[in-house]
Amino acid sequence: MRNALLIAQREFRSYFRSPLGSIVAAVMLLLEGLLFQVGAMGGQGAGKAKLSAEVLSDFFYYTSGVTMIGAIALSMRLIAHEREKGTLILINTAPVKDREIVLGKFLALFTFLFGVTALTAYMPALIFVNGRVSVGHILVGYLGILLIGGAAVAIGLFASAFARTQVIAAVLGAAVLGVLLLLWMAAKVADAPVNNFLLSLAIHHERQRSFMLGTLRLENILYYVGVIYFFLLAATKTLEARRWR
Amino acid sequence: MIEIQALTKYYGARRVVGPISISIAKGEIVGLLGLNGAGKTTTLRILACDLLPSSGSVRVDGLDVVDNPDEVRARVGYLPDAPPLYDEMTVGEYLVFAARLRGLGQEDAEARVEEVLVSTQLDRVRDDVISTLSHGFRQRVGIAQAVVHRPRLLVLDEPISGLDPVQIVEMRELVRNLRHHHTTIISSHILSEISETCDRILVIRDGEIVAAGTEAELSSRLVEGAEVVVTVRGDAGQAKRLLASVKGVTAVEPVDATEPGADISSFRVEAERDVRQELCRALVLGDVALLGIAKNDRELESIFLRLAQPESKNGAEVQA
Chain A
12 MRNALLIAQR
22 EFRSYFRSPL
32 GSIVAAVMLL
42 LEGLLFQVGA
52 MGGQGAGKAK
62 LSAEVLSDFF
72 YYTSGVTMIG
82 AIALSMRLIA
92 HEREKGTLIL
102 INTAPVKDRE
112 IVLGKFLALF
122 TFLFGVTALT
132 AYMPALIFVN
142 GRVSVGHILV
152 GYLGILLIGG
162 AAVAIGLFAS
172 AFARTQVIAA
182 VLGAAVLGVL
192 LLLWMAAKVA
202 DAPVNNFLLS
212 LAIHHERQRS
222 FMLGTLRLEN
232 ILYYVGVIYF
242 FLLAATKTLE
252 ARRWR
Chain B
562 MIEIQALTKY
572 YGARRVVGPI
582 SISIAKGEIV
592 GLLGLNGAGK
602 TTTLRILACD
612 LLPSSGSVRV
622 DGLDVVDNPD
632 EVRARVGYLP
642 DAPPLYDEMT
652 VGEYLVFAAR
662 LRGLGQEDAE
672 ARVEEVLVST
682 QLDRVRDDVI
692 STLSHGFRQR
702 VGIAQAVVHR
712 PRLLVLDEPI
722 SGLDPVQIVE
732 MRELVRNLRH
742 HHTTIISSHI
752 LSEISETCDR
762 ILVIRDGEIV
772 AAGTEAELSS
782 RLVEGAEVVV
792 TVRGDAGQAK
802 RLLASVKGVT
812 AVEPVDATEP
822 GADISSFRVE
832 AERDVRQELC
842 RALVLGDVAL
852 LGIAKNDREL
862 ESIFLRLAQP
872 ESKNGAEVQA
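Heads up: the sequence lines are chains A and B, in that order.
When the letters of the first sequence are read in order and numbered with the working numbering, they come out as residues 12 to 256.
When the letters of the second sequence are read in order and numbered with the working numbering, they come out as residues 562 to 881.
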């Protein structure tokens, strides 16, 4: 764990020493702000007022999408960039386990996304002050954002471990995430029990909806934790396999 | 210190290293000499536990690289052909990070980095961001990260690649100074680096060690006789006769003088063995002013080409 934290610390600091971290954070916050104003708050002036809880749910819906995009955009560089730059060999030849490398990289980006997500807190706070929503709804919604963000980081990290270049990592990560996002559509055209199985694997649709509505379900938490674990394990095994290639 | 037995490494179906069996004693500086693509880097990456061998065993301090990779990594310092540097960090931060990654505690790492900054003459750029450093300093930082955790084995892949002549001399000096603390393996395709820095040379071709020994041993084994260039002032005819009279000399040919000046001439002397001592004596006794005598620089070049080139090319060269 010591090595994982060491790697995470260096990686996390690197986001603030290059324009990339600031740019991605700024773009994410800008998009989330715009979507909150236009999407979540939108339509209220047209005689079709939204309930505060609906505005909050919409906010979490948009924020989850932006968080996934940000996670894929930043995770592509986690390992592929180091491989391209030749710095991965520093970690590979140190007495550090592959799982510590993967965990450290995951923690760094997850913490970064946590920070960016925390900066959006003024938006639900505005709803909280001017409308009627429960603190529980806000907390559960944010938990959902962090879990889907964590899952996207793990998927991107696996892609970054697998691919030789950042571009391929980004494409691969986006493809895997896209498939998991669109499984609910495939479920619509499939027969039982396949449709239920596909729906249970879909990363956003029903899973995220419960968080958006402020409903905490253990199965959904376990699903996201499972996705994170699976892809972190896959990334670790990919790194191990590369030593034998 | 290092025991390699029947090591092979395959990339897919292609064998890139092996079978190699060598042993390296503690404190030795060994040069791994070969052309690009000969298998030097792959061999070194296996020693540094970055890659795992396909078969055979590699033991460092009695520890197997497959069974005890972390223990081996803690004992090895590795400088790849391109130094693994984080451009956004300062030199000091980077070295502390590298030291801590190799298991040193924060205080120990900071103290050790101070020592290494001095020994690698990096102390004046300690607070510089790595992206601003020159190529020479980047190489030095690469060496510093390799020694910062006091490894027993130091593995340097092309450490003087891309350096200017002054930096090359400084880097050689740095590597020589490291011999007191580490067993060192240096790879290169630059002959002078290997011959001037290393105790022993391993010549690698197509992934296999095709020759091992000191420069003199390889020379005596592979070069027929010796060749020296002699520069004298005075009667060229008499000098030529004196040189030819030395026992063991097989040919004396006038060549372009190695330095300008009146009555100065140079000769290429071919002999069955190294006859420099006898040549000096003959010229001095014959009252010819001896200005210079040196083994032909092309000798090591010729050894290298004979050993390192693919066999088909060697055959063509020998026939030619």
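None of these hints come from the bench; they were simulated from the model.
In this text the structure is predicted, and so the values were computed from the model without any measurement.
Think of the CB as a built atom: it goes at the ideal place given N, C-alpha and C, for glycine as much as any other residue.
Hints may contain errors.
If you want a taste of the chain A side facing chain B, the calculated C-beta under 7 Å gives, among others [to be verified]:
1. Arg94
2. Leu101
3. Thr247
4. Leu250
5. Trp255
Here are the simulated EDC-like cross-link-like pairs (lysine to aspartate or glutamate), alpha carbons at most 16 Å apart as the crow flies [unchecked claim]:
6. Lys856/B - Glu833/B
7. Lys108/A - Glu833/B
8. Lys108/A - Asp628/B
To see whether the hints hold, each was checked on the structure:
no.: 1; hint: Arg94; in the structure: violated (11 Å)
no.: 2; hint: Leu101; in the structure: holds (4 Å)
no.: 3; hint: Thr247; in the structure: violated (15 Å)
no.: 4; hint: Leu250; in the structure: violated (11 Å)
no.: 5; hint: Trp255; in the structure: holds (5 Å)
no.: 6; hint: Lys856/B - Glu833/B; in the structure: holds (13 Å)
no.: 7; hint: Lys108/A - Glu833/B; in the structure: violated (57 Å)
no.: 8; hint: Lys108/A - Asp628/B; in the structure: holds (13 Å)
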